[in-house]
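Residue numbers (the numbering used here), protein chains in the order written: chain L, 207 to 438; chain P, 47 to 545.
Heads up, some of the hints might be wrong.
As the list claims (entries may be wrong) - Heads up, incomplete: computed chain L residues facing chain P, CB under 8 angstroms, no partners named:
1. Asp265
2. Asp292
3. Pro308
4. Val396
5. Ser404
6. Arg408
Rather than coming from a laboratory, the hints here were simulated on the basis of the structure.
All of these numbers come straight from a predicted model, not from anything done at the bench.
Virtual Cβ for every residue (Gly too), placed ideally from N, Cα, C.
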Amino acid sequence: MTKILVVDDEPQIREAIQRSLVARDYDVELAADGAIALDLAAASPPDLVVLDLNMPVLDGLEFCRRIRTWSSVPIIVLSVRDEEPDKIAALDLGADDYLTKPFGTGELLARVRALLRRGEGAQADHRTNYQLDGVSIDMQAHRVTRSDGDVHLTKTEWSLLEALTAHPGKLLTHRWLLERVWGDTYGDDVEVLRVFVSQLRRKIEPDPRRPRAIVTEPGIGYRWSGEATGDA
Amino acid sequence: MSTSRAAALLGAAPRGRMRALGFLIALAGPAIVVAVFLPFRDTLQPLTIGFSFLVVVVAAAIVGRLGPGLLAAVVSFLTFNFFFLPPYDSFVIARGEHVVALVVFLALSVLISSLYSRAVDRADVAEAKERELQMLQELSRDLVVRGPGEDTYEALVRDVVERFGFDAGALFVSGSDGGLDERVVVGAAPGSISPSWNPADPGRAPERLPLSVGNRTLGLIVLTGTRDPLDPAEVRVLRAVCDQLALVLERDRLLRAATDAEILRQTETARRNMLAAVSHDLRSPLAAIKASVTDLLDPEVPRSDVDRDAVLQVVDREADRLDALVANLLDLSRIEAGVVQVRLEHVDLAEAVTAEVDAAALRWPGVRIAMDIDDAHEIAIADPVFVPRVVSNLLDNAARAATSADARSIEIEIGPTVHGERNAQVAVKVVDHGVGLTTMERTQLFLPFSRLDERTTKLGSGLGLAIARGFVDLMGGELWLEDTPGGGATFAFSLQEAS
């Protein structure tokens, strides 16, 4: 059974999350702070962690920092509004996604499923294909086809697409994408990234203004939400 | 430079020197005339020589004023007589006409000297007055033009110190406890100039100029330096400046008192309105949730799944409303507390607006939202987190107006604008066709807890608009209201366009 570790100092939230997860047949462990959570995770490694950022004893950021030294378990961070810097810090420290409180159960479950799918070894290799409403992407053959013919992608656009699709469902921060595609030198030049994302969207999104494959998280980064259609 | 400037107020230093020069001319001039004309005294008319002496007298009067002029007249009179009127080399005069000439010469000399010097003295006085006035004007201009503030006071004290050749100066203002508080120090370290002076102290006495209105003393200017004591004209100018400064200080004080009172009054009103609005807005979704949940918990009532779903949907929707209200309250308090950090980067307005329009369409199912986006002008320099909040608040505001209008549609437009006199601005306009706003409503529009209709139970509309304006301000843009042609309101905001 899939095991999920829920870490939050507020019992109501902990129990509410536990109820909805147990009802979907997940095995749930609860921890009231980061220190307890680290012990539990070490004793029996979970498949996914739902982690509150604001906690006494050992907060969410510190938990991320420590657990990432020995585990790559997917982490969903829970935060309240206006904690943008903390969210970004958590993501840069290796968290995979975040949810803003209050959230609906449906949203939490969708994120959990997306991250677990990836954890199940669907660590997307570059042979996956994507089908987006009249646009098909063949990652292996480096081919994008729209209803009106083939679309040419530049070298940078391909490496950006590969960086995005390498972690489907994961929220990728601006900094992570910049380092992955352009190397260390670009640092915080979010503008370069924005321009290339916008170019790429015009080529692969059926409706670039309502992007479905490359989703923007304002002020934080991008997320690949394209559905894979299987190997080539 | 400064000493000569201050001295020039009365022209004191040059005058002493000019007077000495005048006496020199009065003595040396006749000697030169004698030396030049002595060889020709038999062939020249006495009148010619007399005129030459007259030149000397006029020159002495012009250069040295009355004293040297008169001296020149007397010396010339005697020299003329002694050397050039026969019999020569004696004060005896042989011919009657020469006596007349000599008397006329003397009278003319004295007359010219006194007339000239009187005219010049008057001109001097007038000029000194004018200089005094001009200086006063220059000194007080700052006070009038720049208005109250530390900068103004500092500029004035600095100006006084420089113009009058002091080394340093300080302005002290009477505090509420009756003591003197230092406000401005120029030319010395703060705290190094004392407002009081003891005659036993070493060094020179500083100039201490009280600032008072009526018989109330508002403060004191202390000037220190090694210059000569102030002369009467300088004292006049400084007194006048001090009087003006005192009036300005008094005006500041009254203005501050009045502003404080007004702010207190407004804060009090705002606080009352806020409490009323918040408790109302928080209670109504809470009441709906409580009623729905207790209804579900009641085991007595059998109900179908459809009924249960309907009740739960109310709970869900009301919880969202509550969340939106709390989020808005937090945003507003953070904006007002000045703790919001703005992060400006290139933001794709088309993408941000489209996402908010899609979200608003779900919140307002009965309202049709149309978009009109100018592709060439959709990238702005803005905060990626603020823009969606501004847009969603404006959309909610417009949708609220649309639900009570015939035309249940709103439009959102993105395009270039020249609003705010700056170029390369891009504007987002949210257009509704509701009943529009009266002048009275407009004045209260952006006050956080104003409501256009006391009976509406929706989120305080003023709250959303105040937040929108707060975020737009933080991004360096402007938010304004236009009339929609044909009726209704158009809320618009501008941002700097990315080049």
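Inset, instruction - Sort out which numbered hints this structure fails and list those numbers smallest first. - result: Numbers 1, 2, 6 - these are the hints that the structure violates, sorted from lowest upward.
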